[in-house]
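2 protein chains.
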Amino acid sequence: MAPAATSESASEPTPLDRLDPLDLPEGHPFGPHNLPYGVFSLTEDGSGDGERSVGVRVGDHVLDAGAAAAALGSPYVSVLARPSLNSLLAAGRTTWSDVRRALTAWVTVPAHREVVRPFLHPLSSVTLHLPFEVADYVDFYASENHASNLGRLFRPDEEPLKPNWKHLPVGYHGRSGTVVVSGTDVVRPSGQRKAPADPAPVFGPSVRLDIETEVGYVVGVPSRQGTPVPLSSYRDHVFGLCLLNDWSARDIQNWETVPLGPHLGKSFATSISAWITPLDALEAARVGPPERSVPLLPYLDDSGPEAAADPAGYDLRITVTLNGQVISEPPFSGMYWTGAQMLAHMTVNGASLRTGDLYGSGTISGTEDNERGSLIEITWNGQQPLDLPDGKRGFLEDGDVVTLSAWAPGPDGARVHLGEVTGRIVPTT
Amino acid sequence: MAPAATSESASEPTPLDRLDPLDLPEGHPFGPHNLPYGVFSLTEDGSGDGERSVGVRVGDHVLDAGAAAAALGSPYVSVLARPSLNSLLAAGRTTWSDVRRALTAWVTVPAHREVVRPFLHPLSSVTLHLPFEVADYVDFYASENHASNLGRLFRPDEEPLKPNWKHLPVGYHGRSGTVVVSGTDVVRPSGQRKAPADPAPVFGPSVRLDIETEVGYVVGVPSRQGTPVPLSSYRDHVFGLCLLNDWSARDIQNWETVPLGPHLGKSFATSISAWITPLDALEAARVGPPERSVPLLPYLDDSGPEAAADPAGYDLRITVTLNGQVISEPPFSGMYWTGAQMLAHMTVNGASLRTGDLYGSGTISGTEDNERGSLIEITWNGQQPLDLPDGKRGFLEDGDVVTLSAWAPGPDGARVHLGEVTGRIVPTT
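Going line by line, the protein sequences match chains B and G. Letter by letter, the first sequence follows residues 1 to 429 of this note's numbering. Letter by letter, the second sequence follows residues 1 to 429 of this note's numbering.
Isolated chain B (complex conformation) (with noise of 0.2 angstroms):
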C-alpha cells in the first residue's frame, strides 16, 4: 500500500516499519522522475543545529544522499557527503548525470531501496537549510509582460520598454549575503521614501512592501576571468532551477534607484526554495522562446537550428498564493529572455563564473491580468487593491504569508514540482 502523500506539502510521516516511504504513488510529484537536492539538519531537539547533509527529495521523505552513498559504497560519497551542495554543483555535467542516474537505481532498485532506506526522514522531522553557499547574485528583468507592465506605471508618458530591454537582458547584481532559504522571515525593511509632494525624505518602515515572482539558476562549474560563455555552454554550466522572492521594498527603490538602480530597496532579503531542481529532471518542459521581435547581435542569437533544437525556455507554471489565497498563475515560458542567454550576456565581457552563482529572471508575468508576478502590477500600483478575507491588500502587511509554487511538465505525463518558496513578513524590530 502506497502512502497517501500525492500532494507537494508534508502528510503526517508514516512509520518506516508500517509503510514504505518509497513506494509513491505513479506519477508522484516528488517521484523517482525529480529528486531535487537540498541541505537538511535533523530536528530531533527543534534547535535545527543539527549537522547539516545533502539531502535529495523523495516523496514526503529526504534522503540523506551521503549516507547512503556511503552505505552503498558509491563513489559519489565524495560530492554527497557534505553539507552544502558546493561540491556536487563544482563536479560539473558528467557527474550531475551520473550522480541522477545512482539515485535513481537507490531508489527504484529493490536491492538498493533496501540499504537506502535507513537514511530516508520524514520531511516533518528535517529542518531545511539554504542548499549552497550563495556567491554573486545577479537578478534579470527578463519579462516583457513585467517590463512593459513597470514602464506603464513609473513612467505613463514614455514608451513603455527601454530602448536596449530587446537587444539585451538587462539585469544588475543583488545582494548575495541575504539570501535566505524558504520559510526564513523577513524583517519589514526600513528606509527613505519621498513621493512627489514631500518637501523631504521620509524615514520609515516600508509602506509598499511587494513580491517579485522568480525562477533562480544555480551556477555550478566555474570560468574563467576574461572568457565568455557561449550560449551553447549553458548546460555544462547551470545545474539547477529553484523559485525565488525577490521581497521588494517600492518605495524605498522608488527614491534610491536613480542613477545607479535598485539597492536598499531590494537588498533586505531574498528567498529562495529550499530544493534545487535539476535541469535532467526538467527535460520534458523545455520550449522554445518567444518569437524575437528585433535581430539579436551573434552572441545572444538563438534564432538557428542549433539553439531550436536545444530551446533553452522551460514550462513551469506557477501559483502565487497570499495567506492561502491563490492570487497569481504567471507562466514562465512566455519569458522573452532565456536563462542561456542571461548566462552568455553576464559572462560575455569576460566575467566570470564561481560555483554558487545565483541568477534570477526577473519578475514573471503573463500577458493576463491574472498572471502578474508582483503585487505593484496585481493591484496596479496599490489602486486596484486585492480582497481578502480579512481586508484589502495593496502591497504587504506584517504577518502576510507569501508563497510560491510551480510545476512543469514531467515524463510519461507526470508532473515534476519544484520545491515551494514560502515567507512571512514579521514587524520591522
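If you are wondering where the hints come from, they were derived from the structure by calculation, not from laboratory data. Treat the hints with care, as some may be off.
A few chain B residues that don't get close to chain G, going by computed Cβ distances all over 10 angstroms [as the list claims (entries may be wrong)]:
#1 322
#2 394
#3 399
When the alpha-carbon atoms are kept at most 20 angstroms apart in a straight line, the in silico EDC-like pairs for lysine to aspartate or glutamate are as follows [stated by the list, open to error]:
#4 G/194 - B/301
#5 B/194 - G/159
#6 B/166 - B/301
#7 B/166 - B/144
#8 B/392 - B/369
#9 B/194 - G/369
#10 G/194 - B/159
#11 B/166 - G/198
#12 G/166 - G/144
#13 G/392 - G/412
#14 B/162 - G/198
#15 G/166 - B/369
#16 G/162 - B/198
The structure displayed is predicted, hence computed values, not measured ones. Cβ atoms here follow ideal geometry from the backbone N, Cα and C, with glycine treated the same way.
Following the hints, complete the assembly by docking chain G onto the known chain B.
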C-alpha cells in the same frame, strides 16, 4: 646601517645576513606605525602556487605573521596562521588592536626581533594574493565633484545631481567574483554599445575603457539580518582600507544602464591593493567631512558633537599614474559621504554584513582639474585627451598600465603609505 629602501616600490632585497630589514629609516612609509596586512606565498619556483600565509608589510619585506606568532608562542597564531585574512577580519576590534600591538612589539622590541627575523621575506621573493575572500561588493558614489561632473557630461540639460544625492549615499552592488589583486592583468571587455546615431547596437571590445579611483572599505565583523548597524558602530565592523580601481567600460555602461544601473560595464574586473591598511594605522589621518548643505535623516546625521569628536573621513592623498606619468591627484578628504555613513545606509534596511564584505567610495574627484579620478572626467569624455609620450589618450589603450597610490599623515609627521593598486590592460581574448 639601514637599507636603502625609502620608497614604496620594492628595492633589491638586502641579504638578511648582511643588513637588518627591521632597521628602517626613521619615518619609513611602511614602518612600524603602518603594518598593513596581506596574503603572500613564496615564489621560489616562480609559479606563485606556494602555500598562502598572512603577511605583514615591514619596509620592503613581508613578515610571515603566522610563522612568527607560532615561534613566539603567541595566541594570535589562530588568526594569523591562515591562508586569508578572513579569520583576523572576523575576530573583531579588540583582537585587531591586540594583534597590532603584538606585531608592533615583534618588529621593534630587540628580543622579539631576533625571533621574527627569519620570517621576513623580501617583497621581491613573494607573490601577493587577494587578501580576503570578498563576500558582497557594493560601490558607492560619494564624491560630490565626481557625481556633478558625470551629471554634466551625461545630462547637460538637467541639474547635475539627482534629487536624492544629498539625502543618501547612492550605491549599487557590484560583482565580488571579479575582484582581483593589484598586478592582475585586466582583459579589455567586449560588449554592446550604441551611439545615438547608430540604428542598432554593435558588439565589440570596449572603446571607452576607463578607471575609477576609489578607496575600498573592508568589513570584518558580520551583523545580523534585520538589524541595522548605526553610524557609531562603524569601527566595530570595518577593519581597514584599501585602494580600489573600479575599471569601467563607459560605452557598455552607457547603453545598458537604464533602468537598473551598471552591470557589464563594471563587472569584468575590480582591482584592489594587496595590502589592507587597518583603521588603527590611520588615526592621525582622520578628518571631518565637508559641511552638509541639506539636513540629514537621523541615521546618517553626523553633525552633532559626538560625530564631530569621532570623525569618519580620512585625509588620503592619492596619485594616479598612467604608464608612469602622474595624471591626477585626487584628495580623499573632500568626500561628501563617509565610510560610516555608507555602512549605516547599506544596513539600515536590515541587510546583514558578512566578513569580507567590501564597499567602495566611488570615484574620488576633487574640485580642481588635476584632481579628477576617472578618465571620462579628466579628458571630458575624450574631448580633451591627455598628451602622453606615446600619443594622446581619451580612454585606455591595450598595454596601458594604471597605478593608484596614496599616503596619509601618520604619527609624528611620518607618512602612512597605502599599498598601491596597479593593472595593465591586455587585449580581448
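Do the hints match the structure? See the list:
1. For residue 322 of chain B, the condition that its CB be more than 10 angstroms from all CB atoms of chain G holds, with the nearest at approximately 22 angstroms.
2. No beta-carbon of chain G is positioned within 10 angstroms of the beta-carbon of residue 394 of chain B; the least distance is around 20 angstroms.
3. Residue-level check passed: residue 399 of chain B sits 16 angstroms from the nearest beta carbon of chain G, beyond 10 angstroms.
4. With a C-alpha separation of about 18 angstroms, the suggested pairing of residue 194 of chain G with residue 301 of chain B holds against the 20 angstroms cut-off.
5. For a cut-off of 20 angstroms, the pair hint linking residue 194 of chain B to residue 159 of chain G stands: about 18 angstroms separates their Cα positions.
6. This hinted pair checks out: residue 166 of chain B and residue 301 of chain B have alpha carbons roughly 12 angstroms apart, not beyond 20 angstroms.
7. About 9 angstroms separates the Cα atoms of residue 166 of chain B and residue 144 of chain B, which keeps this hinted pair within 20 angstroms; it holds.
8. Between residue 392 of chain B and residue 369 of chain B the CA atoms are separated by roughly 18 angstroms; this keeps the pair inside 20 angstroms, and the hint holds.
9. For the suggested pair residue 194 of chain B and residue 369 of chain G, the alpha carbons sit about 35 angstroms apart, so the restraint of at most 20 angstroms is broken.
10. Taking the CA atoms of residue 194 of chain G and residue 159 of chain B, the gap is near 18 angstroms; set against the 20 angstroms cutoff, the hint holds.
11. Our distance criterion of 20 angstroms between C-alpha atoms is met by residue 166 of chain B and residue 198 of chain G, whose separation comes to about 16 angstroms.
12. Of the supplied pair hints, the one linking residue 166 of chain G and residue 144 of chain G holds, its CA atoms being roughly 9 angstroms apart against a limit of 20 angstroms.
13. A distance of roughly 42 angstroms separates the Cα atoms of residue 392 of chain G and residue 412 of chain G; the hinted pair therefore is violated under the 20 angstroms criterion.
14. Proposed proximity of residue 162 of chain B and residue 198 of chain G is supported: the alpha carbons are some 16 angstroms apart, at most 20 angstroms.
15. Restraint check: the Cα-Cα separation between residue 166 of chain G and residue 369 of chain B comes to about 39 angstroms, which exceeds 20 angstroms; the hinted pair is violated.
16. For the given pair, residue 162 of chain G sits about 16 angstroms from residue 198 of chain B by alpha-carbon distance, which is consistent with the 20 angstroms threshold.
Of the numbered hints stated above, those contradicted by the structure are hints 9, 13, 15, listed in ascending order.
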